[in-house]
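Single-letter residue listing:
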Amino acid sequence: MDSEGLLKYITEEYKDKIIDSGIVGGVATIEVKPGDWESIAEYLKGDMETRFLSVSNYGAVDYREKLGGYQLVITLFSYEFNHKLTMKTLLPAEGEECPEIKTLSAVWPVADWFERETAELFGIVFVGHPDPRHLMLDEDWDGEYPMRRGWSGRDFITKPDK
Amino acid sequence: MFELGGIFEAIGKWLNGFLPPVWVTIISAVITGLAVLGFLSLLALFLVWWERKISAHMQQRYGPMRTGWHGVLQTIADGVKLLQKEDLMPKDADRIVYFWAPIICFGAAFMAYLVVPFGKGIIVQDLNIGILYIIAITTFTVVSLLMAGWASNNKWALLGGMRSAAQIISYEVPLSLAIVGAVMLAQTLSMNGIVSAQAGGFWHWYVFREPLGFLVYYIAATAEANRTPFDIPEAEQELVAGFNIEYSGMKFAMFFLAEFVNMFTVSAIAVTLFFGGWQPLFSFLGFIPSWVWFMGKSLVSVFVLMWFRWTYPRIRVDQLMNFAWKFLLPLAFLNIILVGFGIVVFK
Amino acid sequence: MTVKELKTEEFMVNMGPQHPSTHGVCKLVIKMDGEEIKEITPHVGFLHRSIEKIGENRTYAQFVPYTDRIDYVASMNANHAYVIAAEKLGGVEVPERAEYLRVIMAELNRIASHLVWLATFAIDLGAVTPFLYAFREREMILDLFEMTCGQRLTYNYMCIGGVNWDIPKEFEPKLREFLKIFPSRVDDYEDLLTNNPIFLYRTKNIGILSKETAFEYSVSGPSLRGSGVKWDIRKAESYSIYDRFDFDIPVGYNGDAWDRYRVRMREMRESAKIVQQAIDGLPGGDIQTKVPRTWKPPEGEVFTRIEAPRGEMAYHIVSDGSTKPYRMKIRTASFCNLQVLPIIGINHLIADLVAIFGSLDIILPEVDR
Amino acid sequence: MGLAVFYILAAVILVSALFVVTLRNIFHSALMLIVCFFGVAGLYASLNADFLAAVQVLIYVGAVTILIIFAVMVTHQLSGKKIRQYNDQPVPAGLIIISLFLLFVVSLSKTGFEVVKSISSSPTVEGIGKALMTSYVLPFEVVSIVLLVALIGAIVIARKD
Chain A
1 MDSEGLLKYI TEEYKDKIID SGIVGGVATI EVKPGDWESI AEYLKGDMET
51 RFLSVSNYGA VDYREKLGGY QLVITLFSYE FNHKLTMKTL LPAEGEECPE
101 IKTLSAVWPV ADWFERETAE LFGIVFVGHP DPRHLMLDED WDGEYPMRRG
151 WSGRDFITKP DK
Chain B
1 MFELGGIFEA IGKWLNGFLP PVWVTIISAV ITGLAVLGFL SLLALFLVWW
51 ERKISAHMQQ RYGPMRTGWH GVLQTIADGV KLLQKEDLMP KDADRIVYFW
101 APIICFGAAF MAYLVVPFGK GIIVQDLNIG ILYIIAITTF TVVSLLMAGW
151 ASNNKWALLG GMRSAAQIIS YEVPLSLAIV GAVMLAQTLS MNGIVSAQAG
201 GFWHWYVFRE PLGFLVYYIA ATAEANRTPF DIPEAEQELV AGFNIEYSGM
251 KFAMFFLAEF VNMFTVSAIA VTLFFGGWQP LFSFLGFIPS WVWFMGKSLV
301 SVFVLMWFRW TYPRIRVDQL MNFAWKFLLP LAFLNIILVG FGIVVFK
Chain C
1 MTVKELKTEE FMVNMGPQHP STHGVCKLVI KMDGEEIKEI TPHVGFLHRS
51 IEKIGENRTY AQFVPYTDRI DYVASMNANH AYVIAAEKLG GVEVPERAEY
101 LRVIMAELNR IASHLVWLAT FAIDLGAVTP FLYAFREREM ILDLFEMTCG
151 QRLTYNYMCI GGVNWDIPKE FEPKLREFLK IFPSRVDDYE DLLTNNPIFL
201 YRTKNIGILS KETAFEYSVS GPSLRGSGVK WDIRKAESYS IYDRFDFDIP
251 VGYNGDAWDR YRVRMREMRE SAKIVQQAID GLPGGDIQTK VPRTWKPPEG
301 EVFTRIEAPR GEMAYHIVSD GSTKPYRMKI RTASFCNLQV LPIIGINHLI
351 ADLVAIFGSL DIILPEVDR
Chain D
1 MGLAVFYILA AVILVSALFV VTLRNIFHSA LMLIVCFFGV AGLYASLNAD
51 FLAAVQVLIY VGAVTILIIF AVMVTHQLSG KKIRQYNDQP VPAGLIIISL
101 FLLFVVSLSK TGFEVVKSIS SSPTVEGIGK ALMTSYVLPF EVVSIVLLVA
151 LIGAIVIARK D
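Residue numbers (our numbering), protein chains in the order written: chain A, 1 to 162; chain B, 1 to 347; chain C, 1 to 369; chain D, 1 to 161.
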């Protein structure tokens, strides 16, 4: 299916769950509610018309200033049909708050590391994650989320002890 | 002419002229000990350089070129560097065992040369159990590797030590059985006796009598000397450096030199048992000194071992065990049976 | 009584962060039973430089040199992935000649990257000589890069709107010479390894990656094709001008280390074919579309991906209409490929783990970014 | 000189044997066992039993002790840890040792040791081989069968299934 066809199929099939849809940069894109995040992922993986077996990319965007929260963006794709789909959801959060969402690592095991990275860099809590340790940062790194907008490494340069 | 054997006899006679026999024994023991030690040190230095050159030329590069003519002094420079290095010992190492392991390793490598016939009459002591003695004394190498692996208090070193123990014990069996063939043919265990039994041209060499025995011996000996494709005790890519991971400075150098001495030892035994030792190719070539024949043949064998190393990948530890027990061992038994038949039939 | 009833102990070792076979700073905590691996926990992040954060603080053009550092073994491909994303975001047209040059450089870099992989893979298995053979040919490619852009490792060659420098006069004869001898050199490597019984023992049926596991972990690149999936983004989503060239996608059957090896060996030949076609069809003309120094792409977002030597490299760039990206997410192949190691590495010996790690061709800076 | 060699070797054997049973680190005990065996081999060599000496080193040092060390290394509970070499019953043990010692003293004093004037220095290998194949062929074969049985037993125990 090309992007339009795919988008049409998905918006019809799951119309009660999709808030917004469109084609962004040639890729079919849908937006869902945070509560439907895991269930729609399961549907999309199992649906014989879509067969999204793999995750191409999975990350977050800090939209606190503009939309009042963090946007999770996952790009799925199918080897079988050679099509892609970007799925988004907005997690409302203000200030230093850490929003919560259900993990996708049970649906796609590869989401494990993507979520660990997003969790430590953005401060998003993935509920039910099997291994919520730090991935990139030190194990004792705490309370700072470097990829949030406004965080600057300059504040963080520490001089070594004498 | 140029036979070195006469020199040793002459020295002995000269000493006998004015000293009591006990002193002669002691002095000649010291002299031969020092001579063998000096020879082996030089040999190891040469072999290290040679291996570097061979590997370099096989890989289309030059290798050491700056120190001396084509880098001949490179190993000496390396040795001086290693001597200056700090001798590190891990904090939780077992100090005594850690200290003794390289010494035993080098000592065992050195002791084997007691019975190696370098030429006609050039042998420190022609024991009548010569070949058995070598097999027995080289087991101290594995003891030293185990000691090094254990005393370093490092898991990688321990794994390396365990691998080497398992490997050497396994390969000792086909190795000894391969030697039995040559012993049966020569009807003696003495190294000189085995060489003498192969006199009179290359067709008398045992490699043509029992090629199977030679094959088993050479493969097992490669494993005994920890050379690629059987260098798993120190597999750099898996165990970082295996049993000698924590060693530095001179202690490391001792392990390193012992490896090269061992390589020459297994080559010398191969030459003695299967290629007529110091016997010339044809009897009319006898004017070339016997020690030249011996060294030449041994170095060819060393070259082949080096050739293996720079060509083959490393075999895996369980494949190595399977190979020893399921392939080499039956082959060694087959060799003994064939040699026995041959002796009875051809008498 | 059998061995199973005997009580055995498990043994934990740290493989890395300084270990010759992790090809960089990766720490694998291994739980072993004897020498058999029962559990692998990778620890990464030692090289984390937060390139994504840097991307938010640099203008679009300034970011190109940083992409070199994502995958220093295949910088050209890393450049390519980024400039394609940025161009799509801003709707920049690239001159024909620049596209051809990009393909030539990217494919040459793919060969160079596979040569580095071959060298290190062989050394992981204890064969030292192929290492130097492979580096000899890589040297020729690096010479070509050096005469084009003056660099040998991190090239900063491609820019938004084209490429930074045209090739010099002596480039083409040198390249043709390389293309002439390269197939026979690949034969040399194959002579040394492909049918060597020890090599076969060490790689056949080692680290079998099934199709299903590969899909679940989004494994991409040669590691995926080794499992028998005919998937190459150059064909499937033909970016740049790859649709103009004729080349095959080599695939394996079992997904073991040997299949991954075979796929990469054949891919080198295919890449050489592409370079040959590209240099034959190289048109004249401009090499760059002028893009203003303070380039402001319109507000929006873009997701593009390319086939880098190690697999899929994707950029998700969000623009807020200013000179700097609002958010830049980089998806790299090694990040996903490394995740299958704990799955396919267990119940093997530690020597096999080294072979499997080598056959996956992980580059740690790409994992950590 | 022969006597001096004997005393040195005897001292080595006794001291190392003492260490084997007193050292609290089992790995060190195993290493001391090697020294002890090596000393015994030296005794054989000084008695012109060269074949026996070589076999002593080959089998006891090269195989038996290495297997012991190997087993120690594999079991992490043993290696590195200090273990007790004595138990809580010193009195019965002491009694047994003293009675054994007395037994030895009595039997040694009653044996008339024959002094051999000259030890033949001819090779012993041939003699041992002939003896094993002629007068001692039955014990030799029995030992072989016992070893074979042990081998099969070991394989059956260690078989993976």
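Possibly wrong hints are sitting among the right ones.
[Claimed, not checked] Listed below are the simulated SDA-like cross-link pairs for lysine to any residue, each with C-alpha atoms no more than 25 Å apart in a straight line:
(1) C/Lys-290 / C/Asp-68
(2) A/Lys-45 / A/Lys-66
(3) D/Lys-130 / B/Phe-333
(4) B/Lys-326 / C/Asn-205
(5) C/Lys-296 / A/Arg-148
Worth flagging that the hints you see were computed from the coordinates, not collected in a lab.
- Violations among the numbered hints, reported as their numbers in ascending order: 2
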